[in-house]
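Asks: Spelled out from the first residue to the last, the chains are:
Protein chains: 2
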Amino acid sequence: MSATQARITAVDTYDIRFPTSRELDGSDAMNPDPDYSAAYVVLRTSAGGHEGHGFTFTIGRGNDVQVAAVDALSQHVVGRPVVELCADPGTLYRDLIGDSQLRWLGPEKGVMHMAVGAVVNAAWDLAAKRAGKPLWRFLADADPAWLVSQVDFRYLTDALTPDEALALLREGKQGADDRAADLLRRGYPAYTTSPGWLGYSDEKLTRLARKAVAEGFTQIKLKVGADLADDVRRCRAARLAVGPDIRMALDANQRWNVAEAVEWTKALAEFDPYWIEEPTSPDDVLGHATIRRGVHPVKVATGEHVHNRVVFKQLLQAGALDVLQLDAARVAGVNENLAVLLLAAKFGVPVCPHAGGVGLCELVQHLSMFDYVALTGTTEDRAIEYVDHLHQHFVDPVTISDGHYRAPTSPGFSAEMHRAGIDTYRYPDGRFWTADATPGEPGTDKEGHA
Amino acid sequence: MSATQARITAVDTYDIRFPTSRELDGSDAMNPDPDYSAAYVVLRTSAGGHEGHGFTFTIGRGNDVQVAAVDALSQHVVGRPVVELCADPGTLYRDLIGDSQLRWLGPEKGVMHMAVGAVVNAAWDLAAKRAGKPLWRFLADADPAWLVSQVDFRYLTDALTPDEALALLREGKQGADDRAADLLRRGYPAYTTSPGWLGYSDEKLTRLARKAVAEGFTQIKLKVGADLADDVRRCRAARLAVGPDIRMALDANQRWNVAEAVEWTKALAEFDPYWIEEPTSPDDVLGHATIRRGVHPVKVATGEHVHNRVVFKQLLQAGALDVLQLDAARVAGVNENLAVLLLAAKFGVPVCPHAGGVGLCELVQHLSMFDYVALTGTTEDRAIEYVDHLHQHFVDPVTISDGHYRAPTSPGFSAEMHRAGIDTYRYPDGRFWTADATPGEPGTDKEGHA
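Chains as they are written, first to last, in this note's numbering: chain A, 1 to 450; chain B, 1 to 450.
Careful: at least some of the hints might be erroneous.
So the derived label-pair ranges between C-beta atoms look like this [unchecked claim]: (1) 182/A <-> 78/B: 54 to 60 angstroms; (2) 216/A <-> 163/B: 50 to 56 angstroms; (3) 218/A <-> 428/B: 53 to 59 angstroms; (4) 83/A <-> 243/B: 55 to 61 angstroms.
Output of the computed footprint for chain A on chain B, the stretches with three or more beta carbons under 8 angstroms from beta carbons of chain A [stated by the list, open to error]: (5) 59-66; (6) 154-164; (7) 283-292.
Since the hints were derived computationally from the structure, they do not count as laboratory data. Backbone N, C-alpha and C define an ideal beta-carbon position, used for all residues, glycine too.
Throw the hints in and build the complete structure from the sequences for me.
Replies: As structure tokens, then:
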């Protein structure tokens, strides 16, 4: 079969779970014991060679439901010509969000929408691999009109029209080559959440905060929201550890009502927090606007649980955000995140993506790097979250040096996991979990604990 | 085993699908070919006797994902003491929405949240059956303080506090007995969508619209939004058929952008539409507020796809709604719908529930009847949607006479389906579907087509 006739032959899915809860990695006020997991997708082709890899991130239970949702989409994917798919992932994206029967289960939110994101991201991984470029470069090199064609403007035109998007992307092309060279030299700013998990002792927090500064990070993040007295003590310890010049963000993980968010944040203001993240429900646009007015000059950040472009649009329209935290795998993949980046650019709000979890750092770096090179042209007040867990499972893991993500150079979306890790952590039949289920014989491969 | 020791022993689930797409029943601008389906749940107990029945409604593909989501919740249900569960369904509701790992898949939206709704509604069905009352009466007879305890006020207190809710419910108790008697005598107002499906011919539309008026309905609803010229023609035909005194609601099923919604609605204003329903994305609170300002005096209605109480709160706060259309099975069941009814009462916005589908009429009538008897005390400008499909599959089907829902008198939530229907329409292994899959031997039981 010739390459031009090659088709997608299968959508393989894997339920992969890491036992992170055992060390309280990732613990916060709403998520005390996450087992970082991925509903992992491989698009196989009849061309041989490249595969498309993608996933959505969950924290354990329900990862099987997420896998079932991806499986429900596979009928839309299998049989597509590879060349057409890679030339226009937007058609796949529209077909997936447009399946009228599946749309009823959202629309465009929750399990089904995250499943769309996993599949769409896998298609972009395949497209970038076939182009021989890392995704950030694949996007940055693309024609602005083509990028606009990848966005679904339904429900957006009261805030952003295709013509406005085209103008932003054309402007972004000016000086893109210089910025790409700069990116390859310096990398993209990162901040770290590793010191601040709620389950960590003050001693561990202090030690990791100092380590973060020594490693070149200029911003750290602490989880708050479970107990005010604890938060005061932990913020004081962290501020003492890092000194006055390091930005210290706080993250409440949706714990509060609106008034409570304002009061609690003010009670921590003496420690000079940079932003308060997810102060309340991610669905509460008006609540975030009220909180933002109440906690100024502390900034308000949210986005990792914002379920689609329509909510991001409103957060921007309502002046509810200082910092937009898109997630690579919560919305419907690269296509919808292009819309979110364009909205943020239009409204002049900096994007500091959510990352961590399983492979979210690997994915989202490409979006921020594209934004710098070929859309907003700046990294000012922007930084990608960094958490040092589970990167060893990826074929092209992120590299951090001097508080910056190094720009990936391997083709693709950095989404591919090592086969050994998949085989070990497949749930419930992978080696780790079957060994773990044997009394007196705990899982033998603990590398996932990081 | 004594009754006080009885526990929930199993959560049985069924993927039930009716082939409604073959007659274009239920067709609209976004959903051209729905196969009305239910992810159906039975709570079995060790007490024998009563079971709890519940479901969530889907339109075909993905019903298996919905069933998988219910299955993921069953660990929280099996083993619960029946007496405790029925005395306080709110604890189950909070445990289900509070599972931190499953919450990541929302939070409180889409597939996982609808699954919670199915299970929670089944628990209320069980509780009402054990109390020997139809659910509306079970709720209306309940102590106001207990009803308040069934609501989760997280994310609501900037709009509605527990004290305010208690005051509303105490006020609602005044005259409740008289209203219950009135309800049993007159029923609750209904409007009908049966004439207006987009796939119907003008002749069928006209015939069914006249029939609706003859049957005592004072409001009908038409699907619009696919083609303006068609809509003008259909609205003219419908208005001619029903005369000037019948309310004619229009439903765009999320088809439009904000500006388009205003323009399109104005283009149909000459036919005196009563409301425009789902003019745009159900997530777009600010968009609905803009549309409402633009289409006045046509009213704006939405809610069947509003995914939780936080979005309803904002729609009310933003003045985005004239009519609130809650759905019995989209949010997390009776508990969350109590919050929605209380919010609507606080803001003085009439509730006209979404119904139709599979069994949504059977469920939601109880919520409106409770609202009339023991919360707002009025049916003015209120009506429950009615669609005459699939009722024959229910053990206690709705009864409509003279344009009113008759108040159910059998104990429970009217959620239970006949065993024969379940066995026939189980997908893919029920008799209808296995016969349908045999070449030359189409499904022999077509009663689902209604």
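Asks: With 54 to 60 angstroms as the target window, see if residue 182/A and residue 78/B comply at their CB atoms.
Replies: holds, 58 angstroms
Asks: Between the region 154-164 of chain B and chain A, are there enough contacts, at least three residues with CB-CB distance under 8 angstroms, for the coverage claim to hold?
Replies: This one holds; 5 residues, not fewer than the three required, reach chain A with a Cβ under 8 angstroms.
Asks: Return holds or violated for the Cβ distance of residue 216/A and residue 163/B against the range 50 to 56 angstroms.
Replies: holds, 52 angstroms
Asks: Could one say that the CB atoms of residue 218/A and residue 428/B fall in the range 53 to 59 angstroms?
Replies: holds, 57 angstroms
Asks: Are 3 or more residues of the region 283-292 of chain B near chain A, judged by a Cβ distance of less than 8 angstroms?
Replies: holds (count 6)
Asks: Between residue 83/A and residue 243/B, does the C-beta distance stay in 55 to 61 angstroms?
Replies: holds, 59 angstroms
Asks: Are there three or more residues in the region 59-66 of chain B whose C-beta lies closer than 8 angstroms to some C-beta of chain A?
Replies: holds (count 7)
The structure is consistent with each of the numbered hints, conforming to all of them.
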